[in-house]
Amino acid sequence: MHYNLSMRTINYRQIVDAVAELTGACCGLTCSCKAVLERALDRESNGAARYAIGELLKNAELAERERLPVCQDTGLAIFFVQLGQDVHIEGGSLYAAIDEGVRVGYKSNGCRASVLDPITRVNTTDNTPASVHVELAEGDEMKIEFLAKGFGSENMSRLYMLTPSDGIEGIERAVLDAVSRAGSKPCPPIVVGVGIGGAADSAMTLAKKQLLREVGEHSDDETLRELEISLLQKINALGIGAQGFGGCNTALAVHIGKLPTHIAGLPVAVNIQCNAVRVARTIL
Amino acid sequence: MKKLTVPFDRRDILDLRAGDRVLLSGVIYTGRDAAHKRLDLLISSGERLPIDIVGATIYYVGPCVMGDKITSAGPTTSSRMDKYAPRFYDKGVLATIGKGDRSDEVYASIAKNKCVYFAAIGGAGATYANCIKSFEVAAYADLGTEAIYKLTVEDMPLIVAIDSFGGSIYRR
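Chains as they are written, first to last, in the numbering used here: chain A, 1 to 284; chain B, 285 to 456.
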């Protein structure tokens, strides 16, 4: 037997504690979310929309001060884990540790149990199981990213299986269609996550992963960056506005990612994030 | 900013116009997908409802509850209750509170019954929790957050989204 002595051990308990701490993100908004909401307020002239954005900022301040969930929909707990291949997990499974962390964290933060069986509709009462995506990475660290994803926005997700001839114009049409159909329902101003390429499943996951970015942080890819900027302008010209009350703030940002795809296809997935961006990350 | 108290005088409702800001106080009931489904089944079979919905205000919310405290209680997407709302307005509900636009059928029902739909600010859960002065489960405790809670609220900030004439903040 040959043992790789460079394996690093991470204990089950360490993961539970880290996850429980990450769920504290439900009691506030990310700094980048607050910053873009403040900019949105500055440029908004529609009275009702201004009122709504102002209330959202006041609410975030109240939630952080009194440690209350910013929104009662504390979401399906979604995790993206980058697991270094030189990590050995000891004391239990990664999935069990994440669920235990969610169980403990959601309860101690006064969050909601929103998870149930899709057919019987019987609630699991502790917001588990979490939705966990694991990717292997090089090295001996474990990076855990948490997204509390409410379903008012998640229900507005769409997948467009475009064909190659649709091109960039087709991609823009698809995103604008998804945002228009969502209208006032996903709690605008929204962040629009877009996944281009891959296959049906990977495009959807890619779209969701874009929501982990700091709000307004552009893609490194020049073409995607330009598309993000042009789509944001077009979305904000739709006039849906904050809460659907009108005005120029339907979206705070558009985040786009791409994956290689098949010669016959052009999948475009749209995953919408509501105004309450609750994301946190840690590295073990 | 208008101050309104539940139970409503019908005249209060007729005076409201889409876009008006309101501070609502009084006793309201929560209800979302699962509770609506159960109430609707009871109405269909002609059975007695566990709450009196005549003159009632229904808030579409599934609150976060921690022991004896509601920690967050903002609105959920109203359109999921559109299937039930016309029947509820017909049976005497005077106001619903939620977020987002409603179906044409709900508009027609609101105008016909001279009722109202208020928008609460979606995402402002902590703010609304602080407006709740007391609460108790009124029905369906087994549904957890989806149970029907009786809330006593004070100065809950709302916007008139669809008024009793069918005027709308969404369809300008």
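If you're looking for bench data, these hints aren't it; they were derived computationally from the structure.
All residues carry an ideal CB built from backbone N, CA and C; glycine is no exception.
Treat the hints loosely; a few may be bogus.
[Said to hold, decoys possible] In silico contact screen, one side only, chain B against chain A (beta carbon under 7 Å); selected entries: (1) G406; (2) G451; (3) I453.
[Stated by the list, open to error] Calculated pairs, DSS-like style, for lysine-lysine (alpha carbon to alpha carbon, straight line, at most 25 Å): (4) B/K375 / B/K396; (5) A/K58 / B/K396; (6) A/K258 / A/K143; (7) B/K434 / B/K286; (8) B/K434 / B/K398; (9) A/K58 / B/K398; (10) B/K398 / B/K287; (11) B/K367 / B/K417; (12) B/K286 / B/K367; (13) B/K375 / A/K107; (14) B/K286 / A/K107; (15) A/K107 / B/K367; (16) B/K367 / B/K287; (17) B/K375 / B/K353; (18) B/K398 / B/K353; (19) B/K417 / A/K58; (20) B/K396 / B/K353; (21) A/K209 / A/K234; (22) A/K34 / A/K58; (23) B/K353 / A/K58; (24) B/K321 / B/K396.
A quick look at each hint next to the structure:
1. G406: Since the shortest Cβ distance to chain A is 4 Å, the answer is holds.
2. G451: violated, 13 Å
3. I453: holds, 6 Å
4. B/K375 / B/K396: Holds, at about 12 Å.
5. A/K58 / B/K396: Measuring from Cα to Cα gives roughly 37 Å; hence the hint is violated.
6. A/K258 / A/K143: holds, 22 Å
7. B/K434 / B/K286: holds, 23 Å
8. B/K434 / B/K398: Distance ~24 Å between B/K434 and B/K398 Cα, so the pair holds.
9. A/K58 / B/K398: violated, 33 Å
10. B/K398 / B/K287: holds, 19 Å
11. B/K367 / B/K417: violated, 31 Å
12. B/K286 / B/K367: The hint is violated at about 30 Å.
13. B/K375 / A/K107: violated, 38 Å
14. B/K286 / A/K107: violated, 37 Å
15. A/K107 / B/K367: Answer violated: A/K107 to B/K367 is near 33 Å, above 25 Å.
16. B/K367 / B/K287: violated, 30 Å
17. B/K375 / B/K353: violated, 32 Å
18. B/K398 / B/K353: violated, 35 Å
19. B/K417 / A/K58: holds, 20 Å
20. B/K396 / B/K353: violated, 38 Å
21. A/K209 / A/K234: Since the Cα atoms of A/K209 and A/K234 sit roughly 22 Å apart, the hinted pair holds (cutoff 25 Å).
22. A/K34 / A/K58: holds, 10 Å
23. B/K353 / A/K58: holds, 21 Å
24. B/K321 / B/K396: Answer holds: B/K321 to B/K396 is near 23 Å, not above 25 Å.
Figure legend: structure checked against the earlier numbered hints; hints not met, in rising order: 2, 5, 9, 11, 12, 13, 14, 15, 16, 17, 18 and 20.
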